[in-house]
Amino acid sequence: MNHVDLPLWVTIPGTLLLVFGGLLVLIGSAGLVKLEHFYARMHPPTMGTTLGTGCVLITSMLVSSALEQRPVIHEILITVFVVMSAPVSAMLLMRAAVYREHRKRPEPTQPLDDIGGTIPPRD
Amino acid sequence: MLLTLIAALPFVGSIAAAFLPAGARNAAAWLAGVVAVACLALVALLYPGVQAGGVETFRFEWLPQFGLDLYFRMDGFAWLFALLVSLMGALVVLYARYYMSPEDPVPRFFAFLLAFMGAMLGVVLSGNLIQIVVFWELTSFTSFMLIAYWYHLPDARRAARMSVTVTVAGGLCLLMGVLMIGEIVGSYDLDDVLVAGDVLRAHPWYGALLILIALGVLTKSAQFPFHFWLPQAMTAPTPVSAYLHSATMVKAGVFLLARLWPALAGTNLWFWIIASAGAASLLVGAFSATFQRDTKGVLAYSTISHLGLITMLLGMNSELALVAAVFHMMNHATFKASLFMAAGIVQHETGTRDMKRLGGLARSMPITAAVATVAAAAMAGVPLLNGFLSKEMFFAEAIVVGRSLGMSITLPTIALLAGVFSVAYSLRFVHQVFFTEPSHDLPKPGHEPTRGMIVPGALLVVACLLVGVLPAVTVGPVLETAMMSILGPELPEYRLAIWHGFTLPLVMSFIALAGGITFYVLLLARGAVMSPTPILSRLNAARMFDVANVVVVRGAAKLSHLFFTRRLQSQLLAIVGIALVAGVAAFGSTGWSAGENPLTPIDPLFTLLWVVGAACAVGAAQQAKFHRLAALIMLGGAGLVTCLTFAWFSAPDLALTQIAVEVVTVVLLLLGLRWLPRRIAFDDPRRKTPRARGRRARDFLLAVAAGCGTAALAFAVLTRPQVSDLPGYFLRNSLEVAGGRNVVNVILVDFRSFDTLGEITVVAIVALIVYALLRRFRPAPESIDVPKAQRADPAPLTTAVDAPLPRGYMRLPAVLVRLIGPMAGLVSVYFLLRGHQAPGGGFVGGLVMASAVIVQYMVGGTMWVESRLRIHPQVWIALGMIGAGTAGIAAWFAGKPFLSALAADLHLPLIGDVHLSTVLLFDLGVYMLVIGAVVLMLVALAHQSLRSPRRVPVEPSRESAEETDEAEAVV
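Note that the protein sequences, when read in sequence, are chains A and B. Take the first sequence: its position 73, counting from 1, is numbered 73 in my numbering, and each next residue is one higher. Take the second sequence: its position 770, counting from 1, is numbered 893 in my numbering, and each next residue is one higher.
So here's chain A without its partners, still in its complex pose:
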């Protein structure tokens, strides 16, 4: 790797953002391991996929712009894609979990509705 000098106004916020993003991902991963059940575990990784990724992308924008001597904002596209695709997998995973849970119950009384919730029994 070539050594490149970056201006201070990039280095300091960039470093901070990278560290912060890394922390978020780490905490999210730790939560994935530590938390009790599936529904709870759905949440921690989102810290990494949202804010964590965001931090890294902002750093990338800063560093690239400084290196290229022009604004580089490709990363916004990445943000858009991540924002659009991450929830899809999360939703499908949730749905599968709900569904498995439902099947495991010994005496299912309430049928599932269209979106996977339970319908309250009629009086």
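Be aware that a few hints might be false.
Unchecked claim - Okay, derived cross-link-like pairs now, SDA-like style, lysine to any residue, Cα gap no bigger than 25 angstroms in a straight line: (1) A/K104 <-> A/F38; (2) B/K1019 <-> B/Y852; (3) B/K748 <-> B/A697; (4) A/K104 <-> B/L796; (5) A/K104 <-> B/D806; (6) A/K34 <-> B/G760; (7) A/K34 <-> B/V734; (8) B/K748 <-> B/D806; (9) A/K104 <-> B/V787; (10) A/K34 <-> B/R802; (11) A/K104 <-> B/R689; (12) A/K104 <-> B/G931; (13) B/K748 <-> B/L691; (14) B/K748 <-> B/G760; (15) A/K34 <-> B/G742; (16) A/K104 <-> B/R802; (17) B/K479 <-> B/E560; (18) A/K104 <-> B/R751; (19) A/K34 <-> B/A753; (20) B/K748 <-> B/S683; (21) A/K104 <-> B/I803; (22) B/K748 <-> A/R100; (23) B/K1019 <-> B/H1038; (24) A/K104 <-> A/L92; (25) B/K748 <-> B/P657; (26) B/K479 <-> B/H563; (27) B/K748 <-> B/A829; (28) B/K1019 <-> B/F877; (29) B/K748 <-> B/L791; (30) A/K104 <-> B/L696.
If you're looking for bench data, these hints aren't it; they were derived computationally from the structure.
Fit chain B to the given chain A structure using the hints.
Showing chain B alone in chain A's frame:
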């Protein structure tokens, strides 16, 4: 130039005829007729050039560095045959126009007939032995297509298969023989071979090459013991029998014998092989012909017999016999074709070929009867007809040639005996069909045919008569020209005349006539006219052929059963095992050693990464049989580690491609999991048997050994210094020579584009194979049912085709994924376009696009997607191949080798400078092909669930699902 035209015209006509609509009878017939007459005119035009030993040649240098030329050569003999082929062709086309029924797809018939004509003219006019073999095989092929013209008849299919097997096998032998000649002489040119007779005859290979060539020639000319295909081939339409199976194609064998006569004849071996095969066919054919019930059967066996006569003459090693042979080739073609036409007319007008039912047709069809009678008389060798002349020459040679006492008795006896039989069968044919009591048992009452059917046969009969009465005037000069081209300017003394004085051959002719008549009268008197052939009917060569065929097929099945298994496991075991053994053996002499390069320091992070990846890989292997989903997930993990490794070592291109590959692989495998047979539980007792344990231990050891071996190999290579400066070369030349900054992509599409072309071809083939296999795939019985999870699903994932969005929980993902669709398309095109300068390229772009399509299938369901978006993956594959190929071929027009890059820098208004290169077209080809291949596999898998029988509960509720479960449990 005219020569090429003669050979090319029929093929052009054939292609044109093939494109005519099926009902275009007249158009097809006119086309064929015009082509045949044009060929005839061209041949006639060339006569002055070949007269008096002249040779017309045309040479087109095709691959001069290999000595391969397209070489046409016409001398007197070739001219004679070219005339025969085109003249017969014209007559047969006229005949076929009226013979073929309006229901038949006539353009196909004429297309193959013309193709045959071209092939036969090619055989005759080729001046290069290899070229002769190529056209030779083409005649076999067209004959196959014509015999099987009525392919709805099982007999026709069987006969076609038999004839093609025999003649093509013979053609292969001929090819081997020809290659040996080329090896000995040092050239395949006919001119060189014909003057190298002494070298060939003295060469130690002479015996082998003679046998091989004899095999080719004897199978083609239906000579004993390969004669059996010809009577079977009579299921072909009669014009085909008249043209191919009497006048021309079967003559190709004797033509080649006569052609190579100066180079190969003159030895005892030649005499024994050729003359004895000819004599055997002469007798067997003549004898069998006497007892056939089928009119065309009589003619087929008599053709065998007459070809035997010609072969025997050629085998006699006498120049006069050669003259007689060539003369008889012409004569036989004229009278036999007209006889076939007569037989076809009789069949056409009465509806039968059975001589037992036919009778007394002379009254209702007098002209046909007259034509057939004269032609049959020529066949029998009655004086004043052409058959008499050549037969007398044959008798004369049979008397003269025998050198020992035994031979000088045997040969005339054979000749006389065959003469007797040929008189008998000719007489029987005419008498039974035309002159017995009129039959009342005919499917159709016979009457005279239309003029178009009778004219060709009548013309041929007139020719028989003319030649028979005035031989020296009519065929004398032509025959002399032909003989000069074979034997050189000094011809032996021969005289074409009816009357040579009262000689022994004349006596023999009259004995044969008298004997034949007596024999037939005796048969009539004993009522044995329609009895099966004595002795020979037991020896059914066609049946033996069938038996041999079955035996060979069964033997091959047994053999492949012995050496081949359909079990994937065993095949993989063999592949890995052999690779391991081969790899170890390669180190056998030198032994393994690490290289001298210093090792790089170990990076803990990277090590951790690889530990995770290795754990994933091992886990995947361990779980593969018991928990397939878990195994697949771990496989994905290992793949991700590979991606990260590429990224780590600054190979963004590879990382990008790898991640796209991983995505596609995992999804396609996931789709495939559904159709695998039910998995075995971890604690299944079947796993505990000693045999199963042993098998697992063996596989484990093999896998570990192979893996360690690969690792050791990689280590040994990586620790050694580079032998050549290949990377340096690519880095230096990538931008300057190829104009691209992305070296990886430049290597793929420019430096090594031929490799890439091969690879994408393989990808396309694999995709097509997957598709072909899955198209007929029926899943294991236990996996046909809808999976338990889907059955109990309260809201099935299938989306109604007309609904804009799926119901329920799939709605939101569907919206998002559809939004991503076009963006992914944009990204994929972006990757494609920038590939030459920055990470990207056609392969990655194609994968991205394909994954975009895959997710659409996933959220919308197969039906929904395909009702809106018809992707034709095969078309994409084809366009991809065409694009890549065009990019390669484009270089030819610039005078550069295949796949060289052509570039142009353009200045366009608005857009600016554009660097255009065929490389981009090539990459576009890769892009489209990858999309097509991946989507094709996806579609094949996706359609499984649409096709297989499934029971979806009508009411998607919990209760009904449980009922189904219970019902299954009871069953």
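Okay, the hints, checked on the actual structure:
no.	hint	in the structure
1	A/K104 <-> A/F38	holds (15 angstroms)
2	B/K1019 <-> B/Y852	holds (22 angstroms)
3	B/K748 <-> B/A697	holds (20 angstroms)
4	A/K104 <-> B/L796	holds (23 angstroms)
5	A/K104 <-> B/D806	holds (23 angstroms)
6	A/K34 <-> B/G760	holds (21 angstroms)
7	A/K34 <-> B/V734	holds (22 angstroms)
8	B/K748 <-> B/D806	holds (12 angstroms)
9	A/K104 <-> B/V787	violated (32 angstroms)
10	A/K34 <-> B/R802	violated (32 angstroms)
11	A/K104 <-> B/R689	violated (41 angstroms)
12	A/K104 <-> B/G931	holds (22 angstroms)
13	B/K748 <-> B/L691	holds (14 angstroms)
14	B/K748 <-> B/G760	holds (18 angstroms)
15	A/K34 <-> B/G742	holds (23 angstroms)
16	A/K104 <-> B/R802	holds (22 angstroms)
17	B/K479 <-> B/E560	holds (11 angstroms)
18	A/K104 <-> B/R751	holds (21 angstroms)
19	A/K34 <-> B/A753	holds (21 angstroms)
20	B/K748 <-> B/S683	violated (29 angstroms)
21	A/K104 <-> B/I803	holds (22 angstroms)
22	B/K748 <-> A/R100	holds (23 angstroms)
23	B/K1019 <-> B/H1038	holds (20 angstroms)
24	A/K104 <-> A/L92	holds (19 angstroms)
25	B/K748 <-> B/P657	violated (68 angstroms)
26	B/K479 <-> B/H563	holds (12 angstroms)
27	B/K748 <-> B/A829	holds (20 angstroms)
28	B/K1019 <-> B/F877	holds (14 angstroms)
29	B/K748 <-> B/L791	holds (18 angstroms)
30	A/K104 <-> B/L696	violated (41 angstroms)
The earlier numbered hints that this structure contradicts are 9, 10, 11, 20, 25 and 30.
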